[in-house]
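**Q** Please model the entire structure based on the sequences and the hints provided.
Those protein sequence lines, which keep their order, are chains S and D. Position 114, counted from 1, in the first sequence is what my numbering calls 114; the numbers after and before it change by one each time, with no gaps. Position 120, counted from 1, in the second sequence is what my numbering calls 120; the numbers after and before it change by one each time, with no gaps.
Just so you know, not all the hints are guaranteed correct.
Here are the simulated DSS-like cross-link-like pairs (lysine-lysine), alpha carbons at most 30 Å apart as the crow flies [said to hold, decoys possible]: (1) D:K39 to D:K211; (2) S:K244 to D:K105; (3) S:K242 to D:K62; (4) D:K39 to D:K62; (5) S:K39 to S:K124; (6) S:K211 to D:K244; (7) D:K211 to S:K242; (8) S:K124 to S:K242; (9) D:K62 to D:K211; (10) D:K62 to D:K105; (11) D:K39 to S:K211.
Listed next, with one range per pair, are the computed distances between beta-carbon atoms [as the list claims (entries may be wrong)]: (12) D:K105 to S:E141: 37 to 43 Å; (13) D:T146 to S:G204: 34 to 40 Å; (14) D:I67 to S:R217: 44 to 50 Å.
These aren't lab readings, by the way, just hints derived from the structure by calculation. All C-beta atoms, glycine included, are put in the ideal place defined by N, C-alpha and C.
Number of protein chains: 2
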Amino acid sequence: MTYCVGLMLNEGLVLLSDSRTNAGVDNIASYRKTYLFEKPGERAIAILTAGSLSVTQTVIAKLQEAIDDPDATGETSIMEAGSMLAVAEIVGNMLSSVSADIQAKMNRMQQSASASMIVAGQRKGGTQRMFLIYPEGNFIEATADTPFIQIGEHKYGKPILDRVITPETSIADGRLAVLLSMDSTLRSNLSVGMPLDLTIIRAGACQISEKSRIDERDPEFMALSEDWSTALRDSFARLRDKRKA
Amino acid sequence: MTYCVGLMLNEGLVLLSDSRTNAGVDNIASYRKTYLFEKPGERAIAILTAGSLSVTQTVIAKLQEAIDDPDATGETSIMEAGSMLAVAEIVGNMLSSVSADIQAKMNRMQQSASASMIVAGQRKGGTQRMFLIYPEGNFIEATADTPFIQIGEHKYGKPILDRVITPETSIADGRLAVLLSMDSTLRSNLSVGMPLDLTIIRAGACQISEKSRIDERDPEFMALSEDWSTALRDSFARLRDKRKA
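**A** This is the structure:
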């Protein structure tokens, strides 16, 4: 499995993905699941992927092929598309078409392969937007009411987001919240694993503002994880003591 | 869906279930999912159920029928069974047989119905034991390494249990932990709902030590839920401030 989460805050987009891929529990590998497309100052797009690697890699490769095509148009290339909505449509159509091809092969073996994606970004002249692309290729968009999108193993890390994230949350707080959300998921589910890819696209910048890879030995993440465990245990102890008193 | 959780602590068994049942989102009802069987001082058994109500109600009704049968034996009645392992076997076999009957009917409509259960208790002369009964009727047992079992919507409420529960946890702390685990689940998933049924069976007592129903207006649960939200937000703020400093 996978865990990817994206926040759409007034200050900007905060995106985090894990990198574990497994075909059964005895075949585990690490693959980047965040793909960035950028023309600084003009547009910045992040695509986070969950699901069958055979689907997601092919979709990304074909999106890249379409970008590199000298005959690329706004209908084919996400780097030419006239709006983030058009970007989501291109990605959705590509996902739908690749899934259908692969599924036709899988059917013969009574197996299935599907994928979902978070597409987030901004182009000059437009606002920042974030979409959840379903395996079928249709999509929904993040709004002020629901400023975060999760794909993959989303349940373990949802309670902290439900309690902390609003559009007014700062990027610094959003960064902390997605890391804590990931930490809860990592602790409770083996199929999600380090390293992590963190991307920040500040509102209006139309470029990748921060891109970092966080591995097992990252001192900041280790301290955060430890501090959060301690904080949860302390909170629990305080609740208990308050009830005893 | 459903969320049920059971802890097997050195001090005793702590069990909690929600009561929401739905057939589609437009047909929601409330059903007790905790069933207690007791002969005080001799044996106390709790069965918590998740899954298709048509399966779980029939299993419980047939278990009760077998208990009431004047020809009941240790092979048919969970109140006569010679050990908690034998109780788990009777429940597992009944679940397997009822599931098969109902599934035969469902197949015609291309639908499926299944259920899983937590069976926990103690009989005089034996130790307390807790089992997870799978939809197929086979089962696994809680141990010191894994002193809790969850069925239904288990993911939201797992992080707090992973961090807090060990066999040495007191019953009072266990009670608090399962309520917090349920609170996280209630907040993040609509298909889990109040009221809650809490059961405590102290080790060695061989009787139900505490049985309570907690509804939406329960002042203790409301305060707990509020305090926990505040504690999480405060912990988050402290982590952030520590990082700013």
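**Q** Evaluate each hint against the coordinates.
**A** Comparing the hints with the structure gives:
Distance hint between K39 of chain D and K211 of chain D is fulfilled; the C-alpha atoms sit about 15 Å from each other, no more than 30 Å. Between K244 of chain S and K105 of chain D, the direct Cα distance comes to roughly 52 Å. Violation of the 30 Å bound is thereby established for this hinted pair. Restraint check: the Cα-Cα separation between K242 of chain S and K62 of chain D comes to about 44 Å, which exceeds 30 Å; the hinted pair is violated. About 19 Å separates the Cα atoms of K39 of chain D and K62 of chain D, which keeps this hinted pair within 30 Å; it holds.
Note on K39 of chain S and K124 of chain S: the hinted pairing holds, with a Cα-Cα distance of about 10 Å set against a maximum of 30 Å. The suggested pairing of K211 of chain S with K244 of chain D holds, with an alpha-carbon distance near 20 Å, which does not exceed 30 Å. For the proposed pair K211 of chain D and K242 of chain S, the alpha carbon gap of about 23 Å is at most 30 Å, so the pair holds. Our distance criterion of 30 Å between C-alpha atoms is broken by K124 of chain S and K242 of chain S, whose separation comes to about 53 Å.
With a CA separation close to 23 Å, the supplied pair K62 of chain D and K211 of chain D stays within the 30 Å bound. About 18 Å separates the Cα atoms of K62 of chain D and K105 of chain D, which keeps this hinted pair within 30 Å; it holds. With a C-alpha separation of about 63 Å, the suggested pair K39 of chain D and K211 of chain S falls outside the 30 Å cut-off, and the hint is violated. Between K105 of chain D and E141 of chain S, the C-beta spacing of about 42 Å keeps the proposed range 37 to 43 Å intact.
For the hinted restraint 34 to 40 Å between T146 of chain D and G204 of chain S, the CB-CB distance of approximately 50 Å leaves it violated. Restraint check, I67 of chain D to R217 of chain S: a C-beta distance of roughly 58 Å breaks the suggested window 44 to 50 Å.
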